[in-house]
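Using the sequences and the hints given, assemble the complete structure.
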Amino acid sequence: MKIVVTVKVVPEKIKFNKETKRIDRSGVKMILNPVDLVAAEEANKLRNSNDELIAISMGPPSAAETLNSLYKYGFDKVYLLSDPAFAGSDTLATAYILSMGIKKLVPDFDIIFQGDYSIDGATGQIPGELAAFLGIPFLTHVNSVNRKEIVRKTETHLERFQFITPILLSVSDDANYGISPNLFYLKVSIGKNTEIINNDTLKANTELCGLNGSRTLVSSVVQNEVKTSTEVIKENGAEQAAKLLKEVGII
Amino acid sequence: MRILVFTGEHNDAIRTAKEISDDIITASFKQCADCAEFVPGKKITSFESGVSFIESVEEKTSPDAIFFSDETIIRESASFFAGKRRLGLISHSNKVFIKDGKIIGVVPGWENLSAEVFSLTKPVLLLLNAKEKITLNKKSPEIIKVDSSLLKFEGSAEFKKNPLENANVVIGIGRGVRKNLIPKIEKLAEKIGAEIGCTRPVADSGLIPLNKVIGDSGVQINPKVYIAFGISGAIQHMSGVNANYIISINSDANAPIFSVSTLPILGKAEEVLPQFEEWIKNIS
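Note that the protein sequences, when read in sequence, are chains A and B.
Quick note: the first sequence, position 130, residue 129 per my numbering, numbers continuous.
With the second sequence counted from 1, adding 315 to any position gets you my numbering.
Incomplete in silico selection of chain A near chain B, CB under 10 angstroms: (1) ILE118; (2) ALA131; (3) TYR176; (4) GLY248.
If you're looking for bench data, these hints aren't it; they were derived computationally from the structure.
These numbers come from a predicted model, not from an experiment.
The beta carbon of each residue, even a glycine, is placed where N, CA and C say it ideally should be.
And the structure:
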C-alpha cells in the first residue's frame, strides 16, 4: 500500500506583514505543522512493513531543510513542490498544486492523510478541495483508522465508515500524540534529503497556481477593535470576584 | 442580492446574511419540517449527498452568494463543491460586509488581526463561524439514505457531551499560568464546582487535555461566570466564550480580555489565586 501524508512547514510564531497581506516567514523559526505529525502517526499505525510512506509538501525551497527531519520519523520519501509560480496560492490553488504533485509522484496512492488544519491558516478547506481535484472520497475529523473501518467525530456523533481506497482522510488533532522518531530511522535517515520538484517537472497549469490561480484575495488586514483604556482593578480584585460569585449563587 | 444559506444547527449564517440582504433562501442539512422559511431539509450524512443537495438547490435558486454554516458535514460539502466547481471559498468568517458591491468576509487571524477576504468568482462562497444554536424540530427525523459506492456509512452514536459546554462556571487557563499553579487551580475549581478549560497553546504543550480547549478549534462554552487566569483574550479563544460575567486575571494591563471583562483584575495568577481562595473561604 502507498500512503501519502501532506505536510506543511509553518512559522513557529506567526507574524503578519501588513503591507503584503501575507504571513511573514522571514527570520522566523520554521517547524512542521503539529497536526500533520498527528496525521503522520495515524499513517504510521496503519502501515505494514511492505507499505510505502511518502510525504508531500508545498512551499519555498527553504522548507526542504525542515522537511528533512521527516526521514527520522520513518518516511521513505519526502517531496517538496516548490516554484515561484506557486507563491501566493489560496486554498483552491494549493489543493490544485498538491493534486498535480500526487498524480505525478504517487499516481498509485491508496490513502492520503492530512492534518485537519494548519496552525498558521486553520481554514480546514484543503481536504475537501483536494479530494475534489482528485475525484476521490474524503472524511475530516478522523479519529482512528484500521484496514476495515474509519471512526470520525462530528460535533455530536462518533461515526463509523467502511471504505475502499483510494481515499483522503483528514485527521483530528486529538487522534493521537503525534509521530515520534525511532532509533532505526534516526540511523538510516542520515544523508537523506527532501527532493524538490519544480514546475518544469510538475507541469501544472500556471493559470491555476499561485496568485493567478487564487479565487479568493485578501483585500486588507485590519486590527481587531480593542479597547485599551479599560480601567483595571489593582487592589482587592479577589474580594470583588468572590463577592460576585456569591451574588450569582455559585458559592 | 440573493443569498442562499446552508445551515445545520446554527443560526449565525442566517443572521449574517440578513444583515446584508433581504433576499434570502435558507436550506437545512438537518431535518427542519416546521421551519417555514427553509427549503425542505434533508438529513445529510456524507459529503456526496451534501454536494448534490447544494447543487440542486443552487440550480433552482441561482444565488449571488452561498453562505455555509461552519459545521463538519457542511464544511466538507462546501469545500468539495468549491474544488469541483473551481470556486473561491472564503473561510471561517465571523463578520460580513459589502464594499464596492463586493461581499467581504472578515476572517479572524493572528495577533489580534483580521483578514478581509473577497472572492473573484460567482457565486461567492463563504463559511461562517457557528456559535448560536437554532432549535430544530426533531419530531420526525426523515433520514435520507444515500447510497454511496465509495464510503459506506455504518452507523453513529451520540457521544457524551463535553461537560464544559453546559458548565455553570468555567475556569480558563492561559499561557500566563505557570505549570505548578495548575493543580491549585484545579482544587479551586473543585471547590466552587467549576469545569477547567484552557487556550489552545496550553493544551498543545500537553499540560491540559486537548478536549478542554475553548474557542474556534475547541468547545463553545456558555457559563454564568467565566474566570480566566493568564488569558490574554485572543479572538480564537474568546469566540468560544459566551458568558454572563467574565472575571479575568492578567498581569498585562493592555490584555484584550480586560475590555470584555466584568472584573478585569490586574495581577499575576500566582499572586491573585491565594487571595481568591482566602476570600472564597471567608464568604462561603
